[in-house]
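Each protein sequence line maps, in turn, to chains A and B. Residue numbers for the first sequence follow my numbering, so the first one is 1 and each next one is one higher. Residue numbers for the second sequence follow my numbering, so the first one is 291 and each next one is one higher.
Keep in mind that the hints were calculated from the coordinates and are not lab data. Remember, it's a predicted structure, so these values are computed and weren't measured experimentally. Careful, some of the hints might be misleading.
[What the hints assert, rightly or not] Estimated spans, in silico, between C-beta atoms of each pair:
{"hint": "1", "chain 1": "A", "residue 1": "W207", "chain 2": "B", "residue 2": "D323", "range": "23 to 33 Å"}
{"hint": "2", "chain 1": "B", "residue 1": "S566", "chain 2": "A", "residue 2": "P60", "range": "14 to 24 Å"}
{"hint": "3", "chain 1": "A", "residue 1": "G142", "chain 2": "B", "residue 2": "E425", "range": "30 to 40 Å"}
{"hint": "4", "chain 1": "B", "residue 1": "A467", "chain 2": "A", "residue 2": "I258", "range": "54 to 64 Å"}
{"hint": "5", "chain 1": "B", "residue 1": "A424", "chain 2": "A", "residue 2": "T13", "range": "50 to 60 Å"}
{"hint": "6", "chain 1": "B", "residue 1": "D514", "chain 2": "A", "residue 2": "A279", "range": "36 to 46 Å"}
{"hint": "7", "chain 1": "B", "residue 1": "D514", "chain 2": "A", "residue 2": "G15", "range": "20 to 30 Å"}
{"hint": "8", "chain 1": "B", "residue 1": "D323", "chain 2": "A", "residue 2": "E130", "range": "24 to 34 Å"}
{"hint": "9", "chain 1": "B", "residue 1": "A629", "chain 2": "A", "residue 2": "L68", "range": "41 to 51 Å"}
{"hint": "10", "chain 1": "A", "residue 1": "E130", "chain 2": "B", "residue 2": "D403", "range": "37 to 47 Å"}
{"hint": "11", "chain 1": "B", "residue 1": "T620", "chain 2": "A", "residue 2": "S272", "range": "43 to 53 Å"}
{"hint": "12", "chain 1": "B", "residue 1": "D514", "chain 2": "A", "residue 2": "D47", "range": "21 to 31 Å"}
{"hint": "13", "chain 1": "A", "residue 1": "Q174", "chain 2": "B", "residue 2": "G310", "range": "35 to 45 Å"}
[Unchecked claim] A short, non-exhaustive set of chain A residues, derived as facing chain B with CB atoms under 7 Å:
{"hint": "14", "residue": "A56"}
{"hint": "15", "residue": "S59"}
{"hint": "16", "residue": "G66"}
{"hint": "17", "residue": "S90"}
Backbone N, C-alpha and C define an ideal beta-carbon position, used for all residues, glycine too.
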Amino acid sequence: MKELRDLARTLLTDGSVQVVIGWEDGPAGARPAFVTKAEDADRLIFDPRCVHNLAAYLSPRRPHVGRLGKAAVVVKGCDARAVAALLRESQIQREDVVIIGVRCGGVLADPSRRVDLTAENVSERCSGCEAREPGLADHLVGEMPPPPPGERSRETRIEELEAMSAAERSAFWQAEFSRCVRCNACRQVCPLCTCDRCVADKTQPQWIEQSAHERGIFAWQLTRALHHAGRCADCGECARVCPAGIPLGLLNRQAARIVERRFGYRATDDPSIPAPIGAFRSDDGQEFIR
Amino acid sequence: MTARGLTREGLAGLAAELIGAGIRVVAPARAADGGVDYLEVTRFEECALGAEMPRRSLRSAFQPATEPLFAWNRTGGRLFLTPAEANGPQVVLGARPCDAAGAAILDKVMGWDYRDEFWFARREATTVLTVECAEPGPTCFCEAVGLAPDSDAGSDVLLRDAPGGYRAEAITPKGEAFMEAHARWFGEAPSAASEPARTRQAPLPLDAMRGWLAEHFEDDLWRDVALRCLGCGACTSICPTCHCFDIVDEPEGASAGTRRRNWDTCQAGIFTAHTSGHNPRADQTARCRQRVMHKFLVYPQRFGAVLCTGCGRCARACPAGVLLPEILETIAGRCRQAAPSGDLA
Numbered sequence: 001m002k003e004l005r006d007l008a009r010t011l012l013t014d015g016s017v018q019v020v021i022g023w024e025d026g027p028a029g030a031r032p033a034f035v036t037k038a039e040d041a042d043r044l045i046f047d048p049r050c051v052h053n054l055a056a057y058l059s060p061r062r063p064h065v066g067r068l069g070k071a072a073v074v075v076k077g078c079d080a081r082a083v084a085a086l087l088r089e090s091q092i093q094r095e096d097v098v099i100i101g102v103r104c105g106g107v108l109a110d111p112s113r114r115v116d117l118t119a120e121n122v123s124e125r126c127s128g129c130e131a132r133e134p135g136l137a138d139h140l141v142g143e144m145p146p147p148p149p150g151e152r153s154r155e156t157r158i159e160e161l162e163a164m165s166a167a168e169r170s171a172f173w174q175a176e177f178s179r180c181v182r183c184n185a186c187r188q189v190c191p192l193c194t195c196d197r198c199v200a201d202k203t204q205p206q207w208i209e210q211s212a213h214e215r216g217i218f219a220w221q222l223t224r225a226l227h228h229a230g231r232c233a234d235c236g237e238c239a240r241v242c243p244a245g246i247p248l249g250l251l252n253r254q255a256a257r258i259v260e261r262r263f264g265y266r267a268t269d270d271p272s273i274p275a276p277i278g279a280f281r282s283d284d285g286q287e288f289i290r
Numbered sequence: 291m292t293a294r295g296l297t298r299e300g301l302a303g304l305a306a307e308l309i310g311a312g313i314r315v316v317a318p319a320r321a322a323d324g325g326v327d328y329l330e331v332t333r334f335e336e337c338a339l340g341a342e343m344p345r346r347s348l349r350s351a352f353q354p355a356t357e358p359l360f361a362w363n364r365t366g367g368r369l370f371l372t373p374a375e376a377n378g379p380q381v382v383l384g385a386r387p388c389d390a391a392g393a394a395i396l397d398k399v400m401g402w403d404y405r406d407e408f409w410f411a412r413r414e415a416t417t418v419l420t421v422e423c424a425e426p427g428p429t430c431f432c433e434a435v436g437l438a439p440d441s442d443a444g445s446d447v448l449l450r451d452a453p454g455g456y457r458a459e460a461i462t463p464k465g466e467a468f469m470e471a472h473a474r475w476f477g478e479a480p481s482a483a484s485e486p487a488r489t490r491q492a493p494l495p496l497d498a499m500r501g502w503l504a505e506h507f508e509d510d511l512w513r514d515v516a517l518r519c520l521g522c523g524a525c526t527s528i529c530p531t532c533h534c535f536d537i538v539d540e541p542e543g544a545s546a547g548t549r550r551r552n553w554d555t556c557q558a559g560i561f562t563a564h565t566s567g568h569n570p571r572a573d574q575t576a577r578c579r580q581r582v583m584h585k586f587l588v589y590p591q592r593f594g595a596v597l598c599t600g601c602g603r604c605a606r607a608c609p610a611g612v613l614l615p616e617i618l619e620t621i622a623g624r625c626r627q628a629a630p631s632g633d634l635a
């Protein structure tokens, strides 16, 4: 923690950045913090409650954060994949952000409680994590903690879903989606939903019905999943925010597995590797695009 | 006011009778993923009374996330409009006092410049049986906004905790009539309900805060509050008093379609985007301020009540730690600083 705070203090003092976006201890648990003065650097923390993906604050859709000036952002390995995607898609420029990587041993699903990590309370995406040290970072801080507890239970759930018939799988998602109220919180928190105007908000023509009935929900959720296939950083923020508790991480992860099988691509924190959705290859497996 | 006794078995029998009579019964119940929501139940056993607070408020019982207003059909050069189906009777079994109070607060705006027929059709067709709150949650602050875990606002019948069941108190004539109509399930009133739960918050100086808000449309507080806000609107979709909606036409083929009313959120940029491209609430700072201003300045000015029941869901739902109780306490602190001691309610 001292290393993180000292670094933040230095960056703010020497004018490298005007704000350090990290985490602080709030009245109801860990939460994002925006440190603009060197003397406030001691507010910064990093512990297993720091589940939030702060890359979301770098999005050009958030001018109220951008107005603070050049930012340093603290990222876990998973969050670094989102920063890489923003770079890859030219939403931000490399020289516009200082990236502080933290070594991570997993985070809690619920940032409000200060408890030891267990297989039960760890965020479902953490088990089996292979990105515990961000590769995309200007500075790396902290010792490497022990790996996150738990089995790769999410992979097991996805394998169960993949083993289902199409009708069974459709019924599963129908039941989950039935709780969706089309609040769009999943879109708003996503660090990679950077469109100025989302297709779901367009009414002329209306590509996607806005109502929370089965057609509208499926049209939205499937569009969202497809637009994120092979882009999703798997930070889990969409599932965490969903007020209806829909397991969106499962959908994202299953799409990512399909992209990996079909295109040999896995979301990475190396921004120089193009993602299939934004790349053209003359040896593409799909004939229509060659 | 009539007070009777209702045992847990009596409540189960009452629920079965209602469901059997084809009445839509809405109660806290576990959804497929294990979370508690207000859901339509088909058996009393599905009710999760006394479980944790439902994730979303009772709003959807009176204003669903989507509802048809009418359908249109153009046939042979003529336009036919079909009104939405009327609502049948509905009983809410086990509302939280904060959720019941939310509906009563919203009656004011829904009956203001025009009478919202869809809202009041559901309100009138619904009998709300509220269960006193036994265990306020960690972010609850109902007493800070003038309510309490045993408030009866918006309830037709209030069920207070009593040995073996509840002490049922009729709050409205509708509640009185309901208890009369189902009298066989109600017995002798227990002499005294046990001591109600308390959240132990000091009441907020709401009048002084209104004055502060009126004078601080521009203030650094809004920038500081909004920095971490992601604009997801989760706070608005779980709130018992948020009520903004959008109206959309959804065609089904070339000559038919349905006009629907859907929940909307002031936290989205498109909520105030003009067709010209101008947006009077251009960023999250303006949108966060709007949420507080509407609830604690504009609504009280117009309707004499804050647009908040202190259910604390917004503080729990926020993925970024924007905490309404904290914002309110900050504003209250500034009011206390500005006023001589003892002058604030």
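Next item in the hint list is A56 of chain A. Is there a CB on chain B closer than 7 Å to its CB?
Hint holds; A56 of chain A Cβ to chain B Cβ min 6 Å, cut 7 Å.
Honestly, do D323 of chain B and E130 of chain A meet the 24 to 34 Å range at C-beta?
27 Å, holds
Looking only at beta-carbon atoms, does the pair Q174 of chain A, G310 of chain B fall within the given range of 35 to 45 Å?
Violated: the Cβ-Cβ distance is about 28 Å, outside 35 to 45 Å.
Is 20 to 30 Å respected by the C-beta to C-beta distance linking D514 of chain B and G15 of chain A?
22 Å, holds
Falls inside 21 to 31 Å, the C-beta gap from D514 of chain B to D47 of chain A?
23 Å, holds
Could you say whether the range 41 to 51 Å given as a hint is met by the Cβ separation of A629 of chain B and L68 of chain A?
33 Å, violated
Less than 7 Å between beta-carbons is the criterion; does S90 of chain A satisfy it with respect to chain B?
With a closest approach of 21 Å, the S90 of chain A hint is violated.
Given a hint of 54 to 64 Å, does the C-beta separation of A467 of chain B and I258 of chain A actually sit inside it?
For A467 of chain B and I258 of chain A the Cβ distance comes to about 58 Å; the hint holds.
For the restraint on G66 of chain A, tell me whether the closest CB of chain B is nearer than 7 Å.
10 Å, violated
Within 50 to 60 Å or not, the Cβ separation of A424 of chain B and T13 of chain A?
52 Å, holds
A closest beta-carbon separation below 7 Å is what the hint needs, so does S59 of chain A meet it against chain B?
9 Å, violated
Against the range 30 to 40 Å, how does the distance between the Cβ atoms of G142 of chain A and E425 of chain B compare: consistent or not?
Check passed, 39 Å falls within 30 to 40 Å.
Hints 9, 10, 13, 15, 16 and 17 from the earlier list are contradicted by this structure; the remaining hints agree with it.
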